[in-house]
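Residue numbers (my numbering), protein chains in the order written: chain P, 107 to 400; chain G, 4 to 623; chain Z, 220 to 295.
For the record, the hints were derived by calculation from the structure and aren't laboratory data.
Virtual Cβ for every residue (Gly too), placed ideally from N, Cα, C.
Check the hints yourself; a few may be wrong.
Unchecked claim - In the DSS-like style, the derived pairs of lysine-lysine whose C-alpha atoms are separated by at most 25 Å in a straight line are: (1) Lys525(G) / Lys488(G); (2) Lys120(G) / Lys257(Z); (3) Lys206(G) / Lys422(G); (4) Lys415(G) / Lys397(G); (5) Lys257(Z) / Lys127(G); (6) Lys365(G) / Lys415(G).
Stated by the list, open to error - Footprint (simulated), chain G over chain P, 3 or more residues, beta carbon under 8 Å: (7) 179-191; (8) 195-201; (9) 212-221; (10) 323-330; (11) 333-342.
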Amino acid sequence: MAPLLFIFGMLLLIAVEFGGELGGGARRWLDLGVVRFQPSELSKLVVPLMIAFYLAERPFPLPWKNLAVAIGLILLPVALILRQPDLGTALLVMASGLAVVFLAGISWRLVSAGMVLAVAMVPLAWHFMHDYQRGRVLTLLDPTRDPLGSGYHIIQSTIAIGSGGLFGKGWQNSSQSHLEFLPESSTDFIFAVFAEEFGLVGCGFLLLLYLAVLLRGLQISVTASDGFGRLMAGAIVAIFCCYVVVNIGMVSGLLPVVGVPLPLISYGGSSLVTLLLGFGILMSIRNDRKMWNK
Amino acid sequence: MTLATSLIDHQHESKRYLYRALVVLGLIVVVLLILFARLYFLQIERYDHYATASRSNRLRLEVLPPQRGTITDRNGELIAVNVPSYSLSLIPEQIEDLESLLNQLDELVVISDDDRKRFDRLRKRSRRFDPVVLRGYLSDEERAILAVNGHRFAGVQITAESVRNYPHGDLLAHLLGYVGRISVQDLQQVDAEAYRGTRYYGKTGIERTYESRLHGENSFRLVERNVRGRVLRELERVVPQPGEDLQITIDVGLQQVAVDALQDRAGVVVALEPGTGAIRALASWPAFDPNLFVRGIGHQDYQDLLDDYQRPLFNRSTRGRYPPGSTLKPFIGLAGLEHKVVDIDHREQCPGWFQLEGRERKYRCWKRRGHGSVNLVDAITQSCDVFFYNLAIKLGVDRIHDYLTPFGFGQKTGLVVGKESAGLLPSTSWKRAALGKPWYEGETVITGIGQGYNEVTALQLARATAVLALRGQDVRPKLLGPAPKVKWPPVLKAADASWDLVIEAMINVVHGPRGTARSIGKGIDYKIAGKSGTAQVYELSQDDDEPKKADEVIERLRDHALFIAFAPVENPQLAVAVIVEHGGSGSSAAAPVARKLFDYYFANPWWVLCFFKLRVMPDC
Amino acid sequence: MLKRIRLDPVLLTLILALMAVGLLVSFSASGGSTAVVKSQLLRMLVGLAVMVLAAQLPSVFFIEWRHCCLYSVCCY
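Please model the entire structure based on the sequences and the hints provided.
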């Protein structure tokens with residue numbers, strides 16, 4: 107089943123490459139007649155699924171051959187998504203895949219080697235980035251560089267967050283959201299509105315909620331009945347965590363602006379459905395543990 | 004592997020996994036703590052800074068849309084400009100009693116029910132702190148009244164924007180196209196960031212094709228506002244880069260002559276300069292007023308345009324497909340000469356009809372009594388159908404197809420503005436592929452006089468005429484100026500004698516004593532080569548011996564009148580194709596239009612106008 | 220009830236709480252537009268339906284059946 111899903115996901119990505127809808131200079135959408143769908147969203151789930159399936163019952167530490175195949179399986183969709191281009195999603199897909207590889211068990215030496223390699227790759231990645239992507243990284247370092255584009259968003263969202271203070275201005279009282287940094291305030295930048303209205307207390311509460319979801323996910327993962335369930339649950343947790351961290355990091359000016367929604371809160375179709383599909387799988391893994399351990 | 008070791012293994016694995024999961028948990032906690040620390044820094048440490056920034060909220064960036072480029076004709080006359088327009092807008096958030104405010108405003112300026120309905124609709128879609136348009140296109144007087152009284156009301160704004168205007172109205176409608184309110188679909192075609200603040204987008208015609216050049220680049224200004232949102236002063240302004248001003252090859256004067264000459268009959272006039280390919284007139288009539296579409300055309304107006312049986316929205320000049328009729332004869336004659344199936348001395352007897360050997364059916368000549376003995380020159384001059392029935396049978400449809408292809412029949416001319424139809428130049432293989440039927444000889448017969456499957460657009464016809472005028476040199480129609488003289492490679496080669504013969508025949512059409520269009524050859528000091536055509540729309544019975552008079556046939560079934568021509572013959576400056584829908588005979592309905600075009604064009608050479616400063620011209 | 224349809228009450232509660240926050244903030248961010256909230260609610264319902272469906276599948280469903288059978292025979 108997992109390989110079938112994986113192949114299906116890849117086919118969708120290739121379909122986007124050839125017949126995708128153009129939107130804002132990038133080719134990401136697939137028009138299915140009734141709904142428009144973003145296949146790269148689905149790959150966030152399908153890729154870790156595939157890796158988990160592939161690595162489920164491998165010995166420890168992972169043989170080189172299996173590791174190489176797993177990396178290849180991750181890089182294929184990542185390359186396709188990068189071509190769209192959608193850097194944010196590509197990084198998320200890569201992170202979720204690598205999280206599974208890590209959980210499946212590779213030696214610490216490899217992990218540290220990988221980290222060194224990743225750092226070494228930064229200049230190379232810079233070379234291959236699109237101009238607008240470079241622009242976003244530069245904007246992070248100096249938000250006034252591009253005051254009409256993403257820099258403006260960062261300036262406005264940090265003002266919004268900062269002016270929220272400890273308790274916030276109260277629901278429906280955010281004044282920054284009245285400014286021009288909408289329309290994205292209901293999608294990717296919604297956290298800024300939240301932080302302005304509910305303050306640090308609200309943000310702390312929200313982070314705790316997210317932490318609780320992650321903890322529960324990890325618990326399900328650890329107590330899963332088989333290797334596949336473990337890895338899959340771990341991967342879902344990893345994806346969810348990436349969403350939260352990248353989105354809040356971006357809105358608060360810690361990370362460059364990439365199109366990543368705030369999970370379960372941002373307005374958005376594909377990513378919401380994908381996430382909930384993940385949670386469905388998570389619940390199913392938990393149920394199977396119960397049945398089998400009786 | 005025994006069950007026991009497997010179980011132990013399994014437990015080992017679980018343990019190792021637990022260990023790794025703990026590492027992941029640690030990472031998660033650390034990262035969330037970093038985020039929390041960042042939020043703490045922003046919301047507690049630097050609270051004062053951001054709170055002031057937010058509270059005073061004085062500085063605000065506003066997008067400045069660029070000024071759209073203007074469009075001028077070849078003489079520098081403005082045909083698409085931008086004019087300021089003022090709208091009355093309300094900010095819902097600042098209004099306490101909307102109903103009474105509307106009534107009060109209604110006493111100052113007219114606010115129709117439609118305005119109110121649209122306002123209600125827009126208000127639901129927009130945010131309560133954004134201005135919503137209540138009334139657009141305020142007159143100067145209304146603006147003055149509001150300026151005096153407006154301060155009494157809170158939440159009332161007068162906003163100015165730059166709106167497209169086409170001073171020549173319907174004269175250039177199909178060609179120029181129009182801009183309209185930018186839509187969600189439009190925005191998906193472009194970089195949304197570059198179009199922030201832009202409210203209009205080229206929907207059709209030149210406005211659409213050259214949208215990216217006309218648009219320009221937006222920019223921003225930094226303004227100081229008070230709490231109510233009023234701009235106190237401007238601190239910084241980066242001037243937007245205006246769009247490019249375009250000059251097109253059309254001569255508005257010639258276009259006007261063309262439209263006037265059509266006298267409100269539906270039709271097309273195309274005039275182009277053979278040497279450069281520059282289109283000097285491209286009129287499709289009836290037309291519509293593009294300014295209606297800029298404002299947002301009302302439902303009723305639009306329905307009226309759609310319901311009009313003459314279809315004013317339809318761009319006949321590039322999309323209208325017409326049977327070429329006898330205008331095809333010079334080209335087929337040339338094919339006959341070059342394939343050596345006829346020569347200068349070859350004669351045919353025209354008794355007034357033609358019959359295929361062993362068939363009953365009679366193909367009639369337009370002249371019932373027949374032309375008697377005619378050669379090729381006579382046949383073109385007098386438009387003898389029987390001669391060309393014979394010629395077509397001798398050539399065969401595939402040779403006709405192959406010979407006429409280089410003139411551009413059956414293909415798009417490659418004009419990038421608007422949608423273009425390819426027309427149809429039939430052949431046996433085309434018919435087999437498209438209709439799945441074999442070709443019949445009878446169809447070849449009527450192909451010889453441009454009837455049957457043949458379909459052309461007026462632009463194609465003008466181009467083919469220009470190619471003929473230049474004796475086989477290619478001509479590529481263009482609309483965007485300036486138009487330098489280009490020597491395109493020849494598309495077909497023919498003997499000089501053949502060209503001479505066909506062109507001589509076309510001169511006879513206008514200047515010869517028996518030419519079909521001799522009525523336009525009177526009182527003229529230059530030479531026109533032309534060919535009239537009368538294309539059947541409705542097939543009258545071929546066996547009917549009593550021909551119906553044209554005016555007895557109801558208008559919609561009347562023949563299309565066509566005329567192609569170029570002049571002066573020695574040094575062709577203008578090639579023209581005229582089609583008058585249901586105009587009747589080509590020589591009487593279409594040919595005079597061509598004459599008027601030539602007269603105007605040669606009497607008003609652009610450099611003379613330039614010299615006497617009769618027009619504002621940038622290149623002067 | 221929740222057990223019967225194989226949903227995890229803890230996770231479900233957390234998800235619903237987050238969604239409620241999302242609706243609240245969307246309403247405010249859109250300047251009080253109920254249309255936005257309605258449309259988001261619809262998306263959430265679709266997502267929840269997908270989740271309930273996915274929870275019905277045994278997790279082994281995501282692996283090949285053959286694999287799963289072998290595994291259960293070996294280990295249990």
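The hints, checked one at a time:
1. Lys525(G) / Lys488(G): 32 Å, violated
2. Lys120(G) / Lys257(Z): 23 Å, holds
3. Lys206(G) / Lys422(G): It holds: about 12 Å lies between the C-alpha atoms, which stays within 25 Å.
4. Lys415(G) / Lys397(G): The given pair, whose Cα atoms are some 28 Å apart, is violated under the 25 Å limit.
5. Lys257(Z) / Lys127(G): Status holds; Cα separation ~14 Å.
6. Lys365(G) / Lys415(G): 35 Å, violated
7. 179-191: violated (count 0)
8. 195-201: Coverage by chain G is violated here, the residue count being 0 at a Cβ distance below 8 Å.
9. 212-221: Since 0 is below three, the answer is violated.
10. 323-330: Per the Cβ count (3), the hint holds.
11. 333-342: holds (count 3)
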